[in-house]
Amino acid sequence: MKSAPKAAVITFPGSNCDSDCVYGLEIMGFEVTALWHKDKPSLAEYDLVVLPGGFSYGDYLRCGAIAALAPIQEQVHKHAEQGKLVLGICNGFQILCEMGLLPGGLVRNQKMKFLSTDVCLKVENEDSPWTSASQRGDVWKLPIAHGDGRFVCEEKELATIKDKGQVLLRYCDAKGNVSKEFNLNGATDAIAGIKNVRGNVFGLMPHPERATDLRSGDGRFIWKSILSTLGEKAV
Amino acid sequence: MSPRKSLPDNTPGTWELADSIGITRKEYDHVIAAMKRTPSFAELGVFSAMFSEHCSYKSSKKYLRRFPTKGKRVLQGPGENAGILSIGQGWGVAFKMESHNHPSFIEPYQGASTGVGGILRDVFTMGARPVASMNALCFGEPSAPRMKSIVQGVVKGVGDYGNCVGVPTVAGQTFFHPCYNGNVLVNAFTAGIIHEDHIYKGFASGIGNAVVYVGAKTGRDGVHGATMASKEFNTEEAPDRPTVQVGDPFTEKLLLEASLEAMRLGLVIGIQDMGAAGLTSSSFEMAGRAGTGLEIDLDKIPAREKEMTAYELLLSESQERMLLVTSEDRLKALHAVFDKWDLHAEVIGTVVEGDRVKMWKSGEVVVDLPVTLVVDPLEDPRPAASPDWLKPLWDFSAEKVAAQTFDKKLSILIDDIHFAEPLPLTLQYDSTVGNRTEGGTFDDGAVIRLRDLGPSAPRLAFSVDCNPRVCYLDPLEGGRRAVAESALNVAVRGAEPIGITDCLNFGSPQNPHVMWQFQQCIEGISLACEALEIPVVSGNVSFYNDTDKKPIYPTPMVGLVGVMPAETYLPLSTFDKAGDVLVLVGPLEGELGGSRLLSGVLGEDRGRPSQTDMALVAKTIRFCQEVCATQKGFALHDISDGGLACSALEMSFFRGEGLLGCEVEIPAAANADRFLFGETLGRVLVSASADTAKALQSVATKYGLSVQTIGRVTADAKFDVTQNGKSVLSTSLSASYSQWKKKWEPLFT
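Taken in order, these protein sequences are the chains called A and B.
Going by our numbering, the first sequence runs without a break in its numbering and finishes at 235.
Going by our numbering, the second sequence runs without a break in its numbering and finishes at 984.
In isolation and in its complexed conformation, chain B is listed as follows (with noise of 0.2 Å):
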């Protein structure tokens, strides 16, 4: 049977419907022997939501563990609604990100769109007013069947549910790569502002007090949305199209500043977002951290469609609803509020002690279950096995790349869709509403402002990154690459980073490589953050990433939140002016392994990408911090994705008309293809007047960072690199600077 027809409640919930609704027959024996009773279909639904891996993280907890969590800013680290860190004056950034991919390959508007309405939800929940968003988008080849209209879609519900809240998306990430081609990911960042003293959390405490539905009406939508996020695509079978909900931007708007409200006149014990697995998760959750009880009354739920059932009321995941608790003499101010922003308020039921959810429909008991039983679901840590085909993956021909003529190399980059304008998607992403947004977003990590805190109040710095490829040639490489580049990528913006949030993107767990994949990224993920010091405050696990058994590329997305004084310079990401000088600081060579480069040139994605030095990583870091808080005047922007050659001609593209060339003159000493397309990370490019460049310099010295003048910045709009006197590329950016500009439009027509 499908999961998504319901059976009357009070079914019995034999072997046959657990085993239908996706409960494992482990699970299944666990909990009939728990209860010393057949469950009824209704707390069969409980029961398939809750342990659901989207919800239970049972196979990856165990490996979720080594992450580094603490730190002495942290005020909130993982398993909460959202991750908050200390930024100083009594203030903390609350921030997390999450994947909404299946429901975005089914229904790209709607699925990207609730993803971030949900993301949004998870960090106001907690008290936090939202005033920055990132995504990262992972699409399959533009040619790949429907591809285009997922990508317009997906790229049009971010915009719009941002846009309409008028949370500002200031930066992201968007990578396109055969893997997706059955699979998108959609990942959804939001950090928003909070008191130390005013964070709220999902507790329902208080014997007697109040549980309270507020927000929008249930209705059938999203019915088994989580049980649905946990199982692989199968393009035998169509889509899942109902398990998806449908997003109301506006109603989340009101929901947000009616939570905030009531927070705000201390109308509020405990609030949770219902999200995945709606109020059963929250309602459950909620009783399972304060150890207590409830006992709701289905009855009383503002429902949008007639006769629906307790499994679909518990089961529901429309969206812009919350659950809150608080007690008996704040209900009639609370319902000032929220009668003042036209939403619904609820008394649904009541805190008691002990330790079950009673919950009723027409009377009757439908529901009764011990918190723990269903809130500590039985883990499955799943076994891992290194992949015999990867190490063969690491050999490459160095020849191949050295028969290629310079030029070629060059354009092979300039062709490939990731070197491109991304204005189709800016354009479409309000990033300044909220009158915070400073400088250019989208070139490197993005700056906001706390205009809300005083003139004196620090910034935020903003970037989501991973390199997919780089994580399938070697996995704990590529978590740890995910941490060093959104930290290097605020750096250059004058931030030191603070701690991540991360969304894992993987196939299924159930794949022994899959989670090796898993457990080498969270290892390269924890030994980034462990040598820059930082925790990870949050995030969340997305599996069963596959079409037809075969795995998307491991995708450890990071999202990372950096500080930085208010009166530090913002350094320019792009060129200024000609005669500036271009200095590199870092190593002169990058390795080939896993580059951009080397998959243009082989058509296939190979090599061993090169180690992350981390300790070169956290002085460059501190290098950047030190000279946008003592100088002023340059540019800085930091070496990935297609070499020095690549990061040179973003310098150019990004300040745009009015086009700017540079003369580089390769060391004698370095090999030109690794100096040039070579991506190890911990190298940054500077352009600057001669006499700050030079104070740069003995900066970057001090700190122990080799640093050369590698060439300047031209009137003349080309691309000069020479060595030894001779010419080794001498290209004419017009016309790429136009195909760099018009690349993404097909996409968007």
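Same shape as in the complex, but just chain A (with noise of 0.2 Å):
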């Protein structure tokens, strides 16, 4: 028998959403380490490393700029550059930017104040490991929660990460038309999550494991994507 494909979740000082990603996981079926950021384990056997949200060391610097320098991160680099799957959510997303994993980064929400609330996606791009068992054009409705998710990014930079098909979600109405209304984050192109031009690694602000197994139930997506990436079959 297949044993089941192994995630990581990495705690870092101040991570609030790493229990809720361990429990996400192995809902959908896969066996979790959790792992603290000042050890430096091969990442190995791993499959999948995941970067939860949370507050790491408080957000009283940039969001992610000290949790980038976690030791753990030699590892998650080597991880990404053997192109094993990396992902971050909020905050683990704002980390991805600081790591120079992703392009761009993560500032302060237009009207400087934090949201919390469900908003609908819009799925762009279902060619990568993240949104296969997707189609482009699918609206998911995930939770957000974040003081600093509005993407920015300079417009040369941009306009590769588009050309590139990097953009994988976009915030948009429940029909899937964006627009600035529905941008509450007032992100750059309504951006809500991008991949490296590999692939291998992904970002977003939205939580899809809060959406696992309550809620929309949209989250599933994202592990049913990383499931058959992995050639297994999703729960």
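Simulated from the structure, these hints should not be mistaken for lab results.
All residues carry an ideal CB built from backbone N, CA and C; glycine is no exception.
Treat the hints with caution; some may be incorrect.
As the list claims (entries may be wrong) - Which bits of chain B does chain A cover? Going by a derived footprint, with three or more residues having C-beta under 8 Å, they are:
#, stretch
1, 396 to 409
2, 660 to 668
3, 700 to 710
Unchecked claim - Under 10 Å between C-beta atoms, here's a sample of chain A residues computed to sit facing chain B:
#, residue
4, Gly14
5, Gly24
6, Ala34
7, Gly54
8, Leu115
As the list claims (entries may be wrong) - Between beta-carbon pairs, the in silico distance windows are:
#, chain 1, residue 1, chain 2, residue 2, range
9, A, Glu31, B, Asp650, 54 to 60 Å
10, B, Gly526, A, Ser42, 49 to 55 Å
11, B, Glu540, A, Arg136, 35 to 41 Å
12, B, Gly526, A, His77, 44 to 50 Å
13, B, Gln943, A, Ser179, 44 to 50 Å
Each of the two chains sits in its own frame; use the hints to bring them together as a complex.
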């Protein structure tokens, strides 16, 4: 019998969605290990490494800036270089940008206020290990909860990102229309989630782990995509 | 002198000094008689903090004994950091509510955030993992001076702290009234899950054991916070800004994880949060509970500032600190845990035989006091007298109400500040972190699952409630109603109420009318709890909420916890589809005394609120539980503020876009005002398909509840009300919906 796919969830000081991610992944059939940011274990055995949401180091400096320098990150860089899967959710997305594994960065929401609500997301590209279980144009509903979730990048960079199909998710209305009104945090081009050029690193502001066996359940699209990429049959 | 200026620790504690830091003559004489010497200034600081109303409950203790605190679920009643109720399968829910009123008025952001921090620590100190928070906020009129910035600061403070620690804010109540113009209320509630076999308490047990200080360093912030909280505000005097603490939710998160990890590894014997009165209360109270003495070297305390005196170290209310007791052989492992989380853990003393706490600073004894003298302050039960101004307020002219058109009456309610989408607040609170929050929040009660405990674990429901207007007009009914309404709020989500915590916000205890209100509210809460067979397991008293001798309305906030099985149906609280029928369960009419409508029509709070029939409420609760356990596919919404009319509109508005309306036929026997706008509790609005409604009706009949079909949900977004074939009201809902949605936006921009 084939063993379950293996995922690692890294806890930084101030992570607060680590246990939510462990739970969500276990529900989906992953064998999950919780790792501590000060450790430097080899990540070779893991199919997926997750950087969870939260407020690493209190977000007192630029969000994710200190966690990007944690001892364990040397191994995360290696994992990404080898083309293995790295996922950053919310604060994890901010950390991946600070590590240089994803382009752009995340800054204070427009109107400067924290935003906690369910949002609609349009799938822009199903050709990725993260969205293959869905179709381009599909609309997912996932919760967001962030104060610094406005994706920004330089104009030139944006052109490249779009050109290379790196944009996976954009904020939209229930019918999939992208508009200013539904781009609550004011993200550049309403970008909610992007992958790297190679496609093995993905960061998003919404929380799929909170909609796995609760709420819309749409977080499962991401987990199912990962499982099918890994050659597993989704549960 | 100002109490925040420190003198050398060994300055003789004269009566003048004692008086200047809030100790009464009686207390001072009592201390001198017991000690047979003059206390040092540092020792006076200990008495001042521990004898403050905030810490000692000296005015309220006598009255608080009235509360029913026993029950088969009670694992921990009042007196500890939080109360605990059993929820079965070896698990319990630990919860408490606390006020942070004065600090939040002086410095709204820090005041509110440290209020959340304090209540989180109260819960995880017991060994519980916090899983849900709520808050109750009472503000003045939006046009009052500073009020908009207070509202914004408080909401941001509550949000930022809870969001960072990662505890979802799932429910709350917000009330605006001029009586809070000079004294807002910020009450924070947290609940955590705990295993019955791993409950930790504030005991300094075991002679020879180490006393360990963990968490953030001690600074001069918050020195004398407890004393400040025990004083009235005065518009002449500049606020005591330096007595407000500064919060650091990141450190709190580390402290939470480190403390729970140390407890899980069995490294803790006793533990207590350094909350109000900081090191003083934690050390003396822990020794008091265990019947031991302590020896503490104040030089070992990790200090943030140089040359802090013993007085300052003892009274600092710097946040995110705990005091714990453990044995020598566990110290190494304990240090390893706190090192892992990059937190201080310093051994500062030892548990000793006897009943004295002795403290050294720079090699000198600065405090040497018998524990009981400090922890058992003289009670000062204040006299209560019913006010003669109250009964005249009960008269009101029903004709004045009847003379208004129904359109006008509805528009008064639609214009009311409380009839609003709470989105500007709820957007700022992470309500889903933890992956436990089920369904919508902030409508009636909130529901969370306990995913950590396995798929068959029960779910928890929460509600916080108090109607200050009713408490002002009839404090006994106000207390009763706070319990009944929060119980109904969780019942309409399918849960069984199991217990409450309270936060009793009142004016000065030196005012006999305030003490009467206090006594009456406690009586009301107690009567309601007895009727529902639920205990009070924790709570907090906040007196001195007056400005220039004018007390706030009595505000006994109740935080209630309910349980429901994993498989129980979680009903909607909104309309679902056009054609569904509307059923009223409970009495046809409610009373108008103390209602939102009456205050709107008369421009003042008048009328005698109806006396809640607790037997009816109890039956209604059982009805809700049974239908949720046996039926599916319906919506329940409890009728309270604003009456049936507001409840029906809320069922439309909370559903949102694609607005549904409803047609309501007032039964011929009913008075239209009392049917539509009466606020008597025990009425529930049901919307469901005709078949389901029929099934629900038969359950209602079984419980002896009156029940009737009163209308139906329509695709047309209108509120159409008729009686005897004549139109009473016919209003399009789209304009009032957008008003409802946008009403609070100006407060937040």
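Status of the hints after comparison with the structure:
| no. | hint | in the structure |
| --- | --- | --- |
| 1 | 396 to 409 | holds (count 4) |
| 2 | 660 to 668 | holds (count 8) |
| 3 | 700 to 710 | violated (count 0) |
| 4 | Gly14 | holds, 5 Å |
| 5 | Gly24 | holds, 7 Å |
| 6 | Ala34 | violated, 12 Å |
| 7 | Gly54 | holds, 6 Å |
| 8 | Leu115 | holds, 6 Å |
| 9 | A/Glu31 - B/Asp650: 54 to 60 Å | holds, 58 Å |
| 10 | B/Gly526 - A/Ser42: 49 to 55 Å | holds, 53 Å |
| 11 | B/Glu540 - A/Arg136: 35 to 41 Å | violated, 59 Å |
| 12 | B/Gly526 - A/His77: 44 to 50 Å | violated, 57 Å |
| 13 | B/Gln943 - A/Ser179: 44 to 50 Å | holds, 45 Å |
In this structure, the hints that do not hold are numbers 3, 6, 11, 12, in rising order.
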